[in-house]
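A.B. asks: Read off the chains here:
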Amino acid sequence: VSKRARLLALAVTLTLLANTALTWLLAHAEEGLLTPETKVSPGVLLLGAVTLVVRLTVLLGLPPLFAFLVTQTLLRRVGDDRLAPKPARRSFKD
Amino acid sequence: MPRRTVVIASLLAAALALAFVPRLLTGFRAKAFYEGDPTVTLALAQNLVDFEARDDTARRVKSPSRFEGEWALVTHQMVALGLAQLCLAHPEQRERLLPIVANAAQKSFRREMRDFGTGAWGEDALATLGSSHGHAYLAYPALALGMARLLGAPLDEELQAQHDALIAAYERRLLSSPTGLIETYPGEAYPTDVAAVAGAIAVHGRATGTDHRRVLERWATLVRERQVHAPSGFVYQRMGAGDGKPHDVPRGSGTGLAAYFAGFADRALARELAEAAFRHESSLLGFSAIDEYADGFSGSGDVDSGPVLFGVSVAATGFTLALARAHGRADVYERLYRTAEVFGIGQRDGSSFRFLTGGPIGNALLLALLTSGPELAR
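Protein chains in written order, with the working numbering: chain A, 1 to 94; chain B, 1 to 378.
Isolated chain A, as found in the complex (with noise of 0.2 angstroms):
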């Protein structure tokens, strides 16, 4: 495995790591948020903002990451297959 594949599979893996984290944190920050006129504080509000962002990440980034890698590999692999030397047939006199 390439050093950039086991780049791409680390950030693939934290993002999705920080999107359950950050989710669970305003599940538990929004416990907070009865406060008069229920303004909700800066804070949640920031938290809200950075799972909504890794959220979308996840959501609309990953999907065509995937499927780009995925058919990237089976086309060249299908392609170095073609390509690779042939045993070689015996010949009849053989």
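Hints are supplied without guarantee of correctness; some may be wrong.
Reference excerpt, derived from the structure (chain B facing chain A, CB under 7 angstroms, subset only) [said to hold, decoys possible]:
id	residue
1	1
2	8
3	9
4	13
5	357
I should point out that these hints are in silico values taken from the structure, not numbers from a laboratory.
Just so you know, these numbers come straight off a predicted model, no measurement behind them.
Cβ atoms here follow ideal geometry from the backbone N, Cα and C, with glycine treated the same way.
Please arrange chain B on chain A, whose structure you already have, making use of the hints.
C.D. replies: Chain B only, in chain A's frame:
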């Protein structure tokens, strides 16, 4: 295989994934909400039932952080309307939900909830029912209370008498208005708030058997003649009650909420306003939102619209969810719901469901809007 072919085919696969995967991942609850599936509607309701219980506790212990003011008024009103709509759609839930409908409606009617209006006018709306001052903001709790009465909630008799007197005052003020508008604050009338007044009058009529047809028909005629911007079909956001002059431009947020409230009073007018909202839908990749400003107008977001990004607003988009369901536009509902699901961050937690970024007011609004339909006037 040539490298160029591989890249083009991979980009094509990425584009296909972008076109179909996000809409599949976010749209699965849209159909359930549209069809009124109790596994989702009652789960969202449960979140608001829990909220009302927490609010009751905070009120009993006189917590300094108890929930009061304009946002609280709208939150309790929308909880009452949403749960009332569910009672109409699922009569088997009525026994369980009706006490909460009544409680939320009564809370929205409390004096401290309308302090913002009392401050603006320098008088309490219920203490000056004989005056010509509009106090249209009080139609929001009046509509909630009307729905509670329509469902047969056991309400305090004094409160019912106050409600009757308020509706009578609204009827008189609306009949004497040349524009079909009454003021919310001194010098300012909002067609949306007046639609809530009409809704409150109509539901009062359905609950008590009082005939309010004359005032409602006159109001609907004047909305079409004086309050709608003909080219766009949107209502003006703010106007002068006496002269009917626009104080703001035609906007999607006001039109969306006006159409929802109009649905309680006049189905045909509500549909006309809803169609205007549908015409202002902007969609991409299966997600959509509603323009805040009609063609030829522009502006930024405010307290009515919420943030306006790329010309579409949070409020107009949310309110149009109700119109899409009430008027049978499953396609629009599904696209709008996907947007609400992504930005609201819908999350299930045991038997409860909520939108994490919505807070109590956002979830209360979405409960009423996502379940709209059973409340429509015949």
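A.B. asks: Indicate, hint by hint, whether the structure satisfies it.
C.D. replies: Against the structure, the hints:
no., hint, in the structure
1, 1, "holds, 3 angstroms"
2, 8, "violated, 10 angstroms"
3, 9, "holds, 6 angstroms"
4, 13, "holds, 4 angstroms"
5, 357, "holds, 5 angstroms"
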